[in-house]
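Student: Heads up: the protein sequence lines correspond to chains A and B, in order.
The first sequence maps to residues 672 to 998 in our numbering.
The second sequence maps to residues 672 to 998 in our numbering.
Relax, there's no trap hidden among the hints.
Where chains are identical, the list cannot tell them apart; a pair therefore holds if satisfied intra-copy or between any two copies.
In silico lysine-lysine, DSSO-like type, Cα no more than 27 Å apart, as pairs:
| hint | residue 1 | residue 2 |
| --- | --- | --- |
| 1 | Lys995 | Lys964 |
| 2 | Lys749 | Lys931 |
| 3 | Lys746 | Lys920 |
| 4 | Lys746 | Lys900 |
| 5 | Lys964 | Lys996 |
| 6 | Lys974 | Lys932 |
| 7 | Lys920 | Lys909 |
If you're looking for bench data, these hints aren't it; they were derived computationally from the structure.
Protein chains: 2
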Amino acid sequence: MDQQKLEKILNRIREGDVRVVSRLIRNLEDRIPEAKEVIKYIYPHTGQARVVGITGAPGAGKSTITDFLISSYRKQGKTVGVLAVDPTSPFTGGALLGDRVRMQDHAGDSGVFIRSLATRGALGGLSAAVEDAIHVLDVMGKDVIIIETVGTGQSEVDIMNNAHTIVVVLTPGMGDDVQTIKAGIMEIADIFVINKGDQPNAAKLFMDLMRALDMMQECPGGWKPPIVKLGTTANPIKYAEEIDELRKKIDEHLKFLEDKKIIEQREKRKARVQLINAIESQVLVPIIDSLEKDGTLQNMVEKIANKQVSAHEFAEEIKNMFCKKEQ
Amino acid sequence: MDQQKLEKILNRIREGDVRVVSRLIRNLEDRIPEAKEVIKYIYPHTGQARVVGITGAPGAGKSTITDFLISSYRKQGKTVGVLAVDPTSPFTGGALLGDRVRMQDHAGDSGVFIRSLATRGALGGLSAAVEDAIHVLDVMGKDVIIIETVGTGQSEVDIMNNAHTIVVVLTPGMGDDVQTIKAGIMEIADIFVINKGDQPNAAKLFMDLMRALDMMQECPGGWKPPIVKLGTTANPIKYAEEIDELRKKIDEHLKFLEDKKIIEQREKRKARVQLINAIESQVLVPIIDSLEKDGTLQNMVEKIANKQVSAHEFAEEIKNMFCKKEQ
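Take these sequences, add in the hints, and give me the full structure.
Tutor: Next comes the structure, spelled out in structure tokens:
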């Protein structure tokens, strides 16, 4: 792609051209090489947006919180981008329905852009696509970018590494409560939300969480994750007020990051994850693609399955085939 | 390592030397090169064990089910190996406590070998370590190997690909029930368990699950995942009987796989995952290690964090540094 075309796309993104942005994000999901070129080109124009990650078990109410948060930010005059990540369907793919349902609430508001991303089965592909999509929404001029994802596996922790502020949503009575979130997420949470806080076990969850937080090491700079309690959307006015409180806590956290210069550390953490993902997609994926194309991979798989040769032995062969000596 | 030493280790593993096996598994977790050599050497002696995967949300009762399953298999005269995978602690590392607690139940029974594995922060490292540990327990002569893991992210799906039979454990009242497990796991389940089936919402979960199963495509060969309902360990005798039922369903599934020659397909699926993991650990990990050693990675991370250069641009550079041209 020539300079001129790239510049044109950059300008379209900056103007907030939804069609251009949507197509670009789709191409990123599909790993179209041109889309990567665009990211390389627009990357120096990123860095303005603040990224908020919202994570929690399925059914914890993340989407509702996101929807109310959008309204809360809009009242502040802030523009919002949302990336709803569905890492769940390596098999079924796509999260289109969700998109369509969710677009309705904020349809016609050009200050809001919502997109769902799903895996397409690639190695680390989702995390890479999320990263790049964040860059796009950043250049698009969105003040706040919310990434919403189910939080348990390593890939979700990776995705959350893209956020400046990580909000972990819990609900009472989901399994063993605090134990449910020991999944590596506890350590990276900046703010906890107890959603459906009107339910009977909410007080217990609150106490358990307090105790767990007391036992944790303090964050660098002295941030102690606050716990925000939300009620139910059956009372939408009260719920919206509670969400405003959550928004304020997020603002406080961002201010804390900026004051304490911690934001630079977070940027570095993000950069590291980005780099490793990029290496994965530029080194590993082409190797596998090329082995697949001429049937070599299938032959190897056959021999491994028959217990003739171990995967490690083939991997060494592959290393010699594709990698330069002096490693 | 010379042939003679490898042969000696092979024999030790076959004799069931717990010390040798434990050290080997620890070395695999730590990615000690010699451990990989051992795997390459012993690999042709694998293929006897049947691998059962047990997955489900945290707090679903997987450990209890595993413990009872061990007893059920032991009554049948079968030896059992267990790998409890804790993908949750990239931050805290280690699952030693869990090991020690769990060893007690079957302590002194040489027909049972239990080990916990945790990530050590490596890319795909856990999945690779699990794979290799399965080979070790296989050569050790364990008839059944149970892999137990929290099931939601992609890495857990990868781990489950090592199993011949995949058991998904659900409990009533955990979030949105069936929605909770849409996480790519629904599609790969061979048997569903409703644990804590004495709880009020169990019947609803059962119905929801039935409906979801009816909507799914049939498995190759016509296996329809059965649903096994378990009560509570408050009634241990009844619970043990119910677990016996589960064990029978697992046996049935294995028989089905063998009769229909589907086991070969599963072996191929496993082999593919193994190969890709091996490529990852032999190609990607050394590249990152070497970039890290001389500070190149840190420099790159700095420039990405400062929005000077995109991760993709560096990844291309890295590709040119480490990979041969004709890809």
